[in-house]
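Read off the chains here:
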Amino acid sequence: AALKDALRSQVSAALKEGRVTPTELCQRCLALIKSTKFLNAYITVTEETALKQAEESEERYKRGQPLGILDGIPIAVKDNFNTAGIETTCASNMLKGYISPYNATVVQKLLDQGAVLLGKTNLDEFAMGSGSTDGVFGPVRNPWSYSKQYKEKSIPKSHSEDKEPDWVISGGSSGGSAAAVSSFTCFAALGSDTGGSTRNPAAHCGVVGLKPTYGLISRHGLIPLVNSMDVPGILTRCVDDAAVLLGSLAGHDPKDSTTIQDDFKPFELPNLTDVSKLSIGIPKEYHAPGLSSEILAFWSKAADLFKNAGAKVVEVSLPHTRYSIVCYHVLCTAEVASNMARFDGLEYGHRSDVKDSTESMYAATRREGFNDVVRGRILSGNYFLLKQNYEKYFVKAQKVRRLIASDFGKVFRSGVDILLTPTTLSDAAPYTEFIQEDNRTRSAQDDILTQAANMAGLPAINVPTALSERGLPVGLQFIGRSFQEKQLLTVAKWFEKQVQFPVIQLEEVKRHDSGVFQQQKSASFS
Amino acid sequence: MAAVAAMAAAGCGGVWRQARQRFARWPGPGSRPFSRGHRAVVCNARGGAVSAGKSGLAPWIPVVGLEIHAQISSNSKLFSGSQVQFAAPPNSLVSFFDASLPGTLPVLNRRCVEAAVMTGLALNCHINKKSLFDRKHYFYADLPAGYQITQQRVPIAVNGSLSYSLCIDNKMSQMVTKTVRIKQIQLEQDSGKSLHDDTRSQTLVDLNRAGVGLMELVMEPDMCCGEEAAAAVRELQLILQTLGSSQAVMAEGQLRVDANVSVHHPGEPYGVRTEVKNINSIRFLAKAIDYEIQRQIQELGNGGTILNETRAFDSKLGCTIPMRDKEGKQDYRFMPEPNLPPLILYDAKSLPANMNHQQVINIDWIHERLPDLPSVKREKLVEQYGILPEHSFTLLVLAELWKGEGKTPLETVKEHKLELLQDLKELEQICQAVIDGQENEVLAIKAGNRKVLNKLIGLVQKKTQGRSNPVLVKQLLEKKLSE
Numbered sequence: 001a002a003l004k005d006a007l008r009s010q011v012s013a014a015l016k017e018g019r020v021t022p023t024e025l026c027q028r029c030l031a032l033i034k035s036t037k038f039l040n041a042y043i044t045v046t047e048e049t050a051l052k053q054a055e056e057s058e059e060r061y062k063r064g065q066p067l068g069i070l071d072g073i074p075i076a077v078k079d080n081f082n083t084a085g086i087e088t089t090c091a092s093n094m095l096k097g098y099i100s101p102y103n104a105t106v107v108q109k110l111l112d113q114g115a116v117l118l119g120k121t122n123l124d125e126f127a128m129g130s131g132s133t134d135g136v137f138g139p140v141r142n143p144w145s146y147s148k149q150y151k152e153k154s155i156p157k158s159h160s161e162d163k164e165p166d167w168v169i170s171g172g173s174s175g176g177s178a179a180a181v182s183s184f185t186c187f188a189a190l191g192s193d194t195g196g197s198t199r200n201p202a203a204h205c206g207v208v209g210l211k212p213t214y215g216l217i218s219r220h221g222l223i224p225l226v227n228s229m230d231v232p233g234i235l236t237r238c239v240d241d242a243a244v245l246l247g248s249l250a251g252h253d254p255k256d257s258t259t260i261q262d263d264f265k266p267f268e269l270p271n272l273t274d275v276s277k278l279s280i281g282i283p284k285e286y287h288a289p290g291l292s293s294e295i296l297a298f299w300s301k302a303a304d305l306f307k308n309a310g311a312k313v314v315e316v317s318l319p320h321t322r323y324s325i326v327c328y329h330v331l332c333t334a335e336v337a338s339n340m341a342r343f344d345g346l347e348y349g350h351r352s353d354v355k356d357s358t359e360s361m362y363a364a365t366r367r368e369g370f371n372d373v374v375r376g377r378i379l380s381g382n383y384f385l386l387k388q389n390y391e392k393y394f395v396k397a398q399k400v401r402r403l404i405a406s407d408f409g410k411v412f413r414s415g416v417d418i419l420l421t422p423t424t425l426s427d428a429a430p431y432t433e434f435i436q437e438d439n440r441t442r443s444a445q446d447d448i449l450t451q452a453a454n455m456a457g458l459p460a461i462n463v464p465t466a467l468s469e470r471g472l473p474v475g476l477q478f479i480g481r482s483f484q485e486k487q488l489l490t491v492a493k494w495f496e497k498q499v500q501f502p503v504i505q506l507e508e509v510k511r512h513d514s515g516v517f518q519q520q521k522s523a524s525f526s
Numbered sequence: 001m002a003a004v005a006a007m008a009a010a011g012c013g014g015v016w017r018q019a020r021q022r023f024a025r026w027p028g029p030g031s032r033p034f035s036r037g038h039r040a041v042v043c044n045a046r047g048g049a050v051s052a053g054k055s056g057l058a059p060w061i062p063v064v065g066l067e068i069h070a071q072i073s074s075n076s077k078l079f080s081g082s083q084v085q086f087a088a089p090p091n092s093l094v095s096f097f098d099a100s101l102p103g104t105l106p107v108l109n110r111r112c113v114e115a116a117v118m119t120g121l122a123l124n125c126h127i128n129k130k131s132l133f134d135r136k137h138y139f140y141a142d143l144p145a146g147y148q149i150t151q152q153r154v155p156i157a158v159n160g161s162l163s164y165s166l167c168i169d170n171k172m173s174q175m176v177t178k179t180v181r182i183k184q185i186q187l188e189q190d191s192g193k194s195l196h197d198d199t200r201s202q203t204l205v206d207l208n209r210a211g212v213g214l215m216e217l218v219m220e221p222d223m224c225c226g227e228e229a230a231a232a233v234r235e236l237q238l239i240l241q242t243l244g245s246s247q248a249v250m251a252e253g254q255l256r257v258d259a260n261v262s263v264h265h266p267g268e269p270y271g272v273r274t275e276v277k278n279i280n281s282i283r284f285l286a287k288a289i290d291y292e293i294q295r296q297i298q299e300l301g302n303g304g305t306i307l308n309e310t311r312a313f314d315s316k317l318g319c320t321i322p323m324r325d326k327e328g329k330q331d332y333r334f335m336p337e338p339n340l341p342p343l344i345l346y347d348a349k350s351l352p353a354n355m356n357h358q359q360v361i362n363i364d365w366i367h368e369r370l371p372d373l374p375s376v377k378r379e380k381l382v383e384q385y386g387i388l389p390e391h392s393f394t395l396l397v398l399a400e401l402w403k404g405e406g407k408t409p410l411e412t413v414k415e416h417k418l419e420l421l422q423d424l425k426e427l428e429q430i431c432q433a434v435i436d437g438q439e440n441e442v443l444a445i446k447a448g449n450r451k452v453l454n455k456l457i458g459l460v461q462k463k464t465q466g467r468s469n470p471v472l473v474k475q476l477l478e479k480k481l482s483e
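Residue numbers (my numbering), protein chains in the order written: chain A, 1 to 526; chain B, 1 to 483.
Looking at chain A on its own, in the form it has when it is part of the complex (with noise of 0.2 Å):
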C-alpha cells in the first residue's frame, strides 16, 4: 500500500489483509520524516514509543483482533496537546523540556484505538499565529514549496539545489501538523482551530481540515488559547479519513464541562449523488478586501458546479462578519490573559533564575519564556479587562459575538443548509514576505474568512479545490448547522469528488514509496 493511500478505503484493508504491517508503515513513516526534516513539521519524534506501540498494533493483527480502523495507523500531534511521558512545548520556551503527566482526552482515545503516535508537531507559540512562523523552533515550510508543481510554475532564482529562498508558509498555527499530513508522514493528525488554526494551514497545504461543533469534542488536555472558542481540529487526506478520526474522537467528556452530553453516534459518509435538494448559501460579505481574484473565480466556480448540479444556490448576507475581526481580539487576547497567567515559573516550566523577590522572579520568567506575539496579547488583554474597561470592550464584544451567531441562526433558519466560502484570501505566500508584516497584522488579515466560524462554535472544513497559478493548493470552506457534522461532511465528500485534487508530488515521497506512483488526474479547475 502506498502512504498516499486514504486511510479508511485502502490502508485499512490493507493492514487487514496483510498486505502491509504496522512495522512496516511506521517505518516508512519514520524514514520520510527523517528525509522531510527541512520542512520543520516534527518539534519531538517519538521513533522508539512508536515502533512498540506498531509492534503491539502487529501482534493484535496476527491475532485478528485489531482495536478498530485505527489499529497501527501512524498519526502526528500538534505540540499543544499533552501527551503523558513526551515533551510538550507549544513551541514556547515557557514549555521547553515540560514532560506532561497525562493524556490529552483525544489522544489517549487514539492510543486506546491502536494509533501509532510518530510525535509532535510545530506550531506558532502557544497556536498564536496564522503562519506557524512564530514558534522557537523555527517555521514550517509547506511541502509544496518542494512539489514539482510549484517548482514547474516559479521562476528559477537559482540553478542550484538550495531549498532556501522561496519556500512557501504552511498557515497556521496547525502548520506542522497539516505540512506532516501533506508530506504524507503520517496519516492524519490532530490540530487546534481557535480562529482558522487548523482551515488555513489545510487549505495552504492542500490538505482536509475540519473544525468541529465547539461541545463536540473534548478539549480536557489541549493547552487552550481561548477557551470559549478551541477545538481540537482533523487534518487528513481526504474527508472520508476525516470522517473515521472525528467518529473515534467526538462524545461527551465528564473532564471537560463543555461537551454535550448527547451520545455521538459515528457515522460513515453516504456517497452524494443528488444534490438538488441540498441549498447552498453564499455569504456575500465573504468577498472581504485583499481576496484575490483568482480565488473569488474558484469560489464562483465552485458555486457553479453546484448550481449545475441542480443544487439551490442562494447569496445570503451574514452583516456583522465586518466586526468579527475586532470583537474576536478583544475576545481573543482577554481570554489569553487569563489563561497565561497559570505561568509564573514556580510549578512548572522555565523558572528565571532572577531570585530578588516573587513578583522580579515572575516577571523575568515570563519575559523570558514567552515571545512579542504573546507577550502582546497578554498585555491587550489585560487592560480590556481593566474595572473601568470591561463594559466597553469585553461586554461589547460579547454583545457582537451574539449578533455575529445570530447571523448565521437567521441564514440557517431561512433554509440554507451549508455555506460556501474562500478558506483563505490567497494562496501560501513566500516565507520572506509574509515575515514582511507582524503577527497581529497577519492574523487579522487572514482570520477574517475563519474566525467568525469559531465566534458562533459552528463545525467548518477546508476542502482542497484546485492548484492557483503559481502551483500553489487553493482550498474552500464549507461552514455547517452546529453538531450537524454529517450533512456537511457529506456535502464536502461530494464536492471533493467533483474537483479532483491533485496529488503532491514530492521527491522524497517518491523515493520512499515502493508502491506505484499513482498519477492522479487533476480536475478541470486548474
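Be careful, since some hints might not be right.
Rough simulated footprint, nothing fancy, chain A against chain B, three-plus residues with beta-carbon under 8 Å [unchecked claim]: (1) 88-100; (2) 103-114; (3) 366-373.
Pair by pair, the computed Cβ-Cβ distance ranges are [stated by the list, open to error]: (4) 402/A to 348/B: 28 to 36 Å; (5) 368/A to 368/B: 56 to 64 Å; (6) 254/A to 299/B: 50 to 58 Å; (7) 130/B to 38/A: 52 to 60 Å; (8) 247/B to 59/A: 47 to 55 Å; (9) 56/A to 83/B: 32 to 40 Å.
Everything labelled a hint here was simulated from the structure, so no lab data went into it.
A virtual CB, placed ideally from N, CA and C, is assigned to each residue, including glycine.
Since chain A is already given, all that's left is putting chain B on it; use the hints.
Quick look at chain B alone, frame taken from chain A:
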C-alpha cells in the same frame, strides 16, 4: 485586666484606655453604666450602639459587617477529585488541576453545591436557580493558576437572614434576639498556604488547600459591636455544624472571619470602612472589632480621616495595624469562567419529567431533608424540659460537643444541675437570706433607688447557680421589700 489594658495601651498608643475613660463619662439614653474590665462599646435596647465623642459633640454609631469564609465539608475539592484533609503532608493532596498544569479543566463537585444550597436554605436565602462562575485574577504564590474561580456576578444564594441571641448584660438575665441580613453566599476556591521563611528569604508553598471548596457568606453591616458579631458567628457555626455543610472550626481554618468596620454620626451617611483580617477566634473577633471602632472614633475625633484600608489584628497587642499595601487598589480583572457552564438548579416545579434527583440538584428535595436548626432545637428544649432559654444555648453547644455519647438532653441537664429551681419555698428562703445580708442595699432601694434591686437579683442568681427565673426573683424581692 488593668495590666492587659496597660499593655494594650502601650502597644497601641494609649487609645484603648482613653476610649474607655471617655465612654465611662457618657450618660446617653438607654446606655448602662460602663462596667470596668470588658467592653468599650455597649449596644442599647434599640440595637444601635451609642458611643461617646468628646463631650458636647454628636454620638458615633459603629457599623459592623462580616465576610465569612467557611470551608465546605466534602471528600474532594470544589473542582477536582483530590482529597480534602487537614494536616496532611505538604503537597500530598494536589491534582494536576490544583497545580494548574496546562490543559486541565474544572469539574464542579456536586456535594459542594448541595452544601451551599443547604446553607442558603437554613439562612432563609433565595436560591438562584441559575448562578455563574467567574475568574478573579491576581498573582500570588499560593494561587497556581493566577486566578481564583469564584461567583462574582451571580452567586448561588442571596438575601437571607440569620437570627442570633444576645445577653443584654453580663449576668445572662435578659436575652434579646437580633437579626443580621445575609447579602449572599457564593462558592469559590480556597488558596494554598504560604509559609514565609525570612531567614532564608524564601517562601514555602503547600497546595493541599488549593482548590478546596469555600462558601463565602457576606453579612450586611447590621451589627454594631464585637459582641453582636461574635454572637452572630457563634450561631452561624452551630448552624453549619448542624447541617454538616462545614465543620466551621476556626482553629483549623475551616471558618475565617473578616470584619468591615466604620463609624458615623446619626443622620449622616456611613463612614469610610476598614477591613480587619487575621482574626483567629471568636473572642479575638469581638476584641478586634471593638478596638477598631474605638480607633476610628478617636481618629475622627482628633480631626483625622479613616482610610479605606485593610488592617490586620494583632492578638498579642490587642490592636489593628495597617497591612502592607504595595500596589494600591487591586483590579481583579473579573472575567466569566469559560470552562464552566451556568449552574442550573431545579425545584419541584421546574424539574423536567425525565430527571430524578440523582441527575440534578432539586432545591425542594434538599429543603425537605434539612435537619432541625439550632434555634428550633432550643425552643423544643425549653418547651419540653422547662429549662431557661440561656441554658438551652449551653446545652446545644454541649450536645454538639458530646454528639454520639448517647446521653439525652434531660440526662445532661440533670447531671449538670441545669434545670430551673422549681421549689418556690426554697427560692423565697434564698431571697430572704440575700435581703438579710445586704442591709445597705435594702435601705437604698427603700429610699427610692430601684436600680440597686438588680444587685440583689444578681446575688440570688449566684446563690442558685443561675437556676432561678429572674422575673420571678424580682417579684419575690419586691414583695418582701414592700412588706
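Exercise for the section: Tell me, in ascending order, the numbers of any earlier hints that this structure violates. Expected result: 3
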